[in-house]
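Protein chains: 2
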Amino acid sequence: MLLSKLFIPILKNNPSEAKIKSHQLMLRVGMIKQASAGIYSWLPLGFKVMKKIEEIVRQEQNKIGAQEILMPTIQSSEIWKESGRYEDYGEEMLRIKDRQKREMLYGPTNEEQVTEIFRSSLKSYKSLPQLLYHIQWKFRDEIRPRFGIMRGREFYMKDAYSFDVSDEEAFYSYNKFFLSYLRTFKRLSLTAIPMAADTGPIGGNLSHEFIILADTGESKIFTDKRIFDLNSNETELEKNSLQQMRKKYEQYYSVTDEKFNKEEFEKVVSEENRLITKGIEVGHIFYFGDKYSKAMSASIDLPGGKKDFVKMGSYGIGVSRLVGAIIEAKYDDKNEIMKWPLSVAPYDIALVPMINKNDTLALEKAMNISKELIKNNMDVLIDDTEENFSSKIKKMNLIGAPYQIIIGKKSEGDLLEFKEIGKETQNLSLINIIEFIKKQKNTN
Amino acid sequence: MLLSKLFIPILKNNPSEAKIKSHQLMLRVGMIKQASAGIYSWLPLGFKVMKKIEEIVRQEQNKIGAQEILMPTIQSSEIWKESGRYEDYGEEMLRIKDRQKREMLYGPTNEEQVTEIFRSSLKSYKSLPQLLYHIQWKFRDEIRPRFGIMRGREFYMKDAYSFDVSDEEAFYSYNKFFLSYLRTFKRLSLTAIPMAADTGPIGGNLSHEFIILADTGESKIFTDKRIFDLNSNETELEKNSLQQMRKKYEQYYSVTDEKFNKEEFEKVVSEENRLITKGIEVGHIFYFGDKYSKAMSASIDLPGGKKDFVKMGSYGIGVSRLVGAIIEAKYDDKNEIMKWPLSVAPYDIALVPMINKNDTLALEKAMNISKELIKNNMDVLIDDTEENFSSKIKKMNLIGAPYQIIIGKKSEGDLLEFKEIGKETQNLSLINIIEFIKKQKNTN
Numbered sequence: 001m002l003l004s005k006l007f008i009p010i011l012k013n014n015p016s017e018a019k020i021k022s023h024q025l026m027l028r029v030g031m032i033k034q035a036s037a038g039i040y041s042w043l044p045l046g047f048k049v050m051k052k053i054e055e056i057v058r059q060e061q062n063k064i065g066a067q068e069i070l071m072p073t074i075q076s077s078e079i080w081k082e083s084g085r086y087e088d089y090g091e092e093m094l095r096i097k098d099r100q101k102r103e104m105l106y107g108p109t110n111e112e113q114v115t116e117i118f119r120s121s122l123k124s125y126k127s128l129p130q131l132l133y134h135i136q137w138k139f140r141d142e143i144r145p146r147f148g149i150m151r152g153r154e155f156y157m158k159d160a161y162s163f164d165v166s167d168e169e170a171f172y173s174y175n176k177f178f179l180s181y182l183r184t185f186k187r188l189s190l191t192a193i194p195m196a197a198d199t200g201p202i203g204g205n206l207s208h209e210f211i212i213l214a215d216t217g218e219s220k221i222f223t224d225k226r227i228f229d230l231n232s233n234e235t236e237l238e239k240n241s242l243q244q245m246r247k248k249y250e251q252y253y254s255v256t257d258e259k260f261n262k263e264e265f266e267k268v269v270s271e272e273n274r275l276i277t278k279g280i281e282v283g284h285i286f287y288f289g290d291k292y293s294k295a296m297s298a299s300i301d302l303p304g305g306k307k308d309f310v311k312m313g314s315y316g317i318g319v320s321r322l323v324g325a326i327i328e329a330k331y332d333d334k335n336e337i338m339k340w341p342l343s344v345a346p347y348d349i350a351l352v353p354m355i356n357k358n359d360t361l362a363l364e365k366a367m368n369i370s371k372e373l374i375k376n377n378m379d380v381l382i383d384d385t386e387e388n389f390s391s392k393i394k395k396m397n398l399i400g401a402p403y404q405i406i407i408g409k410k411s412e413g414d415l416l417e418f419k420e421i422g423k424e425t426q427n428l429s430l431i432n433i434i435e436f437i438k439k440q441k442n443t444n
Numbered sequence: 001m002l003l004s005k006l007f008i009p010i011l012k013n014n015p016s017e018a019k020i021k022s023h024q025l026m027l028r029v030g031m032i033k034q035a036s037a038g039i040y041s042w043l044p045l046g047f048k049v050m051k052k053i054e055e056i057v058r059q060e061q062n063k064i065g066a067q068e069i070l071m072p073t074i075q076s077s078e079i080w081k082e083s084g085r086y087e088d089y090g091e092e093m094l095r096i097k098d099r100q101k102r103e104m105l106y107g108p109t110n111e112e113q114v115t116e117i118f119r120s121s122l123k124s125y126k127s128l129p130q131l132l133y134h135i136q137w138k139f140r141d142e143i144r145p146r147f148g149i150m151r152g153r154e155f156y157m158k159d160a161y162s163f164d165v166s167d168e169e170a171f172y173s174y175n176k177f178f179l180s181y182l183r184t185f186k187r188l189s190l191t192a193i194p195m196a197a198d199t200g201p202i203g204g205n206l207s208h209e210f211i212i213l214a215d216t217g218e219s220k221i222f223t224d225k226r227i228f229d230l231n232s233n234e235t236e237l238e239k240n241s242l243q244q245m246r247k248k249y250e251q252y253y254s255v256t257d258e259k260f261n262k263e264e265f266e267k268v269v270s271e272e273n274r275l276i277t278k279g280i281e282v283g284h285i286f287y288f289g290d291k292y293s294k295a296m297s298a299s300i301d302l303p304g305g306k307k308d309f310v311k312m313g314s315y316g317i318g319v320s321r322l323v324g325a326i327i328e329a330k331y332d333d334k335n336e337i338m339k340w341p342l343s344v345a346p347y348d349i350a351l352v353p354m355i356n357k358n359d360t361l362a363l364e365k366a367m368n369i370s371k372e373l374i375k376n377n378m379d380v381l382i383d384d385t386e387e388n389f390s391s392k393i394k395k396m397n398l399i400g401a402p403y404q405i406i407i408g409k410k411s412e413g414d415l416l417e418f419k420e421i422g423k424e425t426q427n428l429s430l431i432n433i434i435e436f437i438k439k440q441k442n443t444n
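Protein chains in written order, with our numbering: chain A, 1 to 444; chain B, 1 to 444.
It cannot be assumed that every hint is accurate.
If chains are identical, the list can't say which one is meant, so a pair holds when it fits in one copy or spans any two.
Only pairs whose alpha carbons sit at most 30 angstroms apart, straight line, appear in this in silico DSSO-like list of lysine-lysine [stated by the list, open to error]:
(1) Lys294 with Lys12
(2) Lys186 with Lys239
(3) Lys123 with Lys5
(4) Lys52 with Lys371
(5) Lys248 with Lys371
(6) Lys63 with Lys52
(7) Lys239 with Lys5
(8) Lys441 with Lys63
(9) Lys33 with Lys138
(10) Lys365 with Lys126
(11) Lys52 with Lys375
(12) Lys375 with Lys262
(13) Lys186 with Lys248
(14) Lys12 with Lys441
(15) Lys392 with Lys126
(16) Lys357 with Lys123
(17) Lys186 with Lys439
(18) Lys126 with Lys395
(19) Lys123 with Lys392
(20) Lys357 with Lys307
(21) Lys97 with Lys81
(22) Lys365 with Lys247
(23) Lys33 with Lys126
(24) Lys306 with Lys12
(25) Lys138 with Lys126
(26) Lys5 with Lys186
(27) Lys5 with Lys52
Calculated from the structure, these hints are not laboratory results.
Please take these sequences and the hints and turn them into a complete structure.
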């Protein structure tokens, strides 16, 4: 892609309305544009990142055997009256009357809709477990939308639902999602910590939030810092292995403020291991048993002829919010350098040729290098503008492709000036650069 | 995928509420489930087909240099008041008041929103042309939603917008989309004919509908049947070649009923070439110059210092509707056989082993064959249920994977019973089957 053709309205300075760095960068570099309060359009740069995040989320859902469906954005109020949440939900629910004066709403979540799908589709324990997910736009009419897409009104979310025959089987499903969340955030190069959390309006008594550390986060967290050293690399998609993983994480105190108990914290966590800080919620999982299936009569035939309400859980990841969360974690706002993880970078590599009027030699060289990179499945951005070199680098540092090749007067022979963004330049041949980046891609 | 695990609520009989064959098949085979009037959830089988269509549409947009963005579903009424369409649009627009009593709406189309993005982003002719598109859910509050997803209220659509410096350049953009539409529908194995059409509420004076023939279609069409023999195989993405393509198509009379003129039709089309029939609109393109840019003050600096309003066109493809349109074109409802084009089939191939109680030999064989097929990037559905053979075949004929392998008692040695759906069985080795399907895939 040529930078001159890319639809990327870059601002000279940070927009004054943006208070946190993800909001600043996203407006500054033209990733999003506000449509109205808390509602954004995604421009090409932001859209590419969000799509790559979505695809990683999808792949990790598929790996645990979840099946993708797609529920509509507009729901009937009927099912919410059945569950009893129509009144409870309050003003955050965007309520709509259609032309026939029917009460509709823009889905803020989908427990009711998916329970309706389940109860009218399956009747037998033989069809269980079922794990269904969708990735769809949702709306919550926040009174004070802020921080750009981090706390917007229209947002993009993956939500999954599990259906099981018993509590025991349901915990197995819960643990599958627990693992898939750890894997998903790892691929996004985020350290997300599962924390015991309140269930809020979703209901139930078992719940974890997945939180990444960030000073700008809205969640206050209290942990035993040793939990940050854990990983799920050895965990297998199998009942016992998943249980071990849960135990391993739950041995350390780790809660959000709604669950915080000072006395317990100080009792179980020795002083040197205590960490009290802030974080951003990027995922939230719930087990609520028969809360919805009972209210909405979603029952299944058990072996032996009895019936019971199906046991359900729900599992959310904020896909659009993750774009902001990754920026909060990876953007060096002092030096104005964004370093996207390769797995979700809008471009793998940026080519920055020095172009003077009537001297397009460096640009031609860039075009040739680009062809080789594209042949190797890389997504390349070429700065073909005639701006001065330092503003070119400044711009590329904001765009944040993880790798850059500088093509200047000095570039002679086979060696190219290659750098990882924000690091020192190295002289490498194109073949070595390609090998290096491929290797990085394969680790993901 | 094992059929017993697939979330696919199949009905024994055609649902009585469905009047056309796409609606019948989609409900029958569990591709969709109605959420409320004109609003549907997409279940795994339907979702897979829609996603494959979406991806083909996307690839063909990218090939002509269009850049993907994503505008929100909920828009502010302000921009619609600027264009003057807020009142005009009538009751099909779903109007919403948020908690702050602001007038919002669920976007039925996006000319205003994209004009707002453009005017606040770009100012110079140097940045043109720009082709932007998005694929997003839209809502039109039809008074009488019907025919399932063919005429639903919430629907999935690709819409693109072009921005140019002059009429001449704008026609070039228009022709790029014209070509990309011909290519898109061809990859979906549909014969879609461009027809001169009315511009309706979008405005402008140049417009083509792309229509596929179908008895159940809502559009009445009048054509010179020789237009069906044309193709764009030789057309290149270059000004003159695109103009030739337009001329070639426009030499034959081909209009929808709003544009129909009996006298002209009978004058220019000889009797043996006249075709009066029905069709389904799957795409619609418009050129409307400065209709929106003038009303919304989206101007650009021209070379020499003058300013002018940017020239715009818009280009829609009904992605969710195409699922239905393909069924209307490919479903043999007499024999209850659906044959998905390989490019969008939910599964490439179905394996149907004959399974008796305590005799799982055929199933094991199927699992082994499946592994080989998956290694070759094929999407495989295995019927692992214990139903009788004829109901298995019946079900697979409705699901519509284009190829089947029957694994019965007879299957011995290296040859397998392979068939293209609805055709005769052939005995082929697995290697030959894989080669055959790969070859079919490559032609797409």
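**OP:** Please work out whether the CA atoms of Lys365 and Lys247 approach to 30 angstroms or closer within one copy, between two copies, in both situations, or in neither?
**Re:** Neither, since 56 angstroms and 40 angstroms both go past 30 angstroms.
Original post:
30 angstroms Cα cut-off: does Lys306 pair with Lys12 within a copy, between copies, both or neither?
Top reply: between (68 angstroms within a copy, 25 angstroms between copies)
Original post:
Checking Lys5 and Lys52: alpha-carbon separation at most 30 angstroms within a copy, between copies, both or neither?
Top reply: Result: close both inside a copy and across copies, 21 angstroms intra and 28 angstroms inter.
**OP:** Indicate which option fits the pair Lys123, Lys392 if close means a Cα-Cα distance not exceeding 30 angstroms: within, between, both or neither.
**Re:** Cα proximity of Lys123 and Lys392: across copies only (20 angstroms, versus 62 angstroms in one copy).
Original post:
Taking 30 angstroms as the upper bound on the Cα-Cα distance, should Lys52 and Lys375 be classified as within, between, both, or neither?
Top reply: both (20 angstroms within a copy, 24 angstroms between copies)
**OP:** Go through the copies and call it for Lys441 and Lys63: within, between, both or neither, with a Cα cutoff of 30 angstroms.
**Re:** both (19 angstroms within a copy, 25 angstroms between copies)
Subject >> Homo-oligomer pair classification [Lys395, Lys126; C-alpha up to 30 angstroms] >> reply: between (57 angstroms within a copy, 19 angstroms between copies)
Subject >> Homo-oligomer pair classification [Lys371, Lys52; C-alpha up to 30 angstroms] >> reply: For Lys52 and Lys371, the Cα distance is within 30 angstroms both inside one copy (23 angstroms) and across copies (28 angstroms).
**OP:** If the cutoff is 30 angstroms on CA atoms, where do Lys123 and Lys5 land: within, between, both or neither? Let me know, please.
**Re:** between (55 angstroms within a copy, 14 angstroms between copies)
Original post:
Checking Lys375 and Lys262: alpha-carbon separation at most 30 angstroms within a copy, between copies, both or neither?
Top reply: Classified as neither: same-chain Cα gap 58 angstroms, cross-chain 55 angstroms, threshold 30 angstroms.
Subject >> 30 angstroms Cα threshold - placement of Lys123 relative to Lys357 >> reply: This pair counts as between: shortest inter-copy Cα distance 23 angstroms, intra-copy 73 angstroms.
Original post:
Is it within a copy, between copies, both, or neither that the alpha carbon of Lys365 lies no farther than 30 angstroms from that of Lys126?
Top reply: Classified as between; 23 angstroms across copies, 62 angstroms inside a copy.
Consistency with the previously given hints fails for numbers 5, 12, 14, 22 and 25, ordered from lowest to highest.
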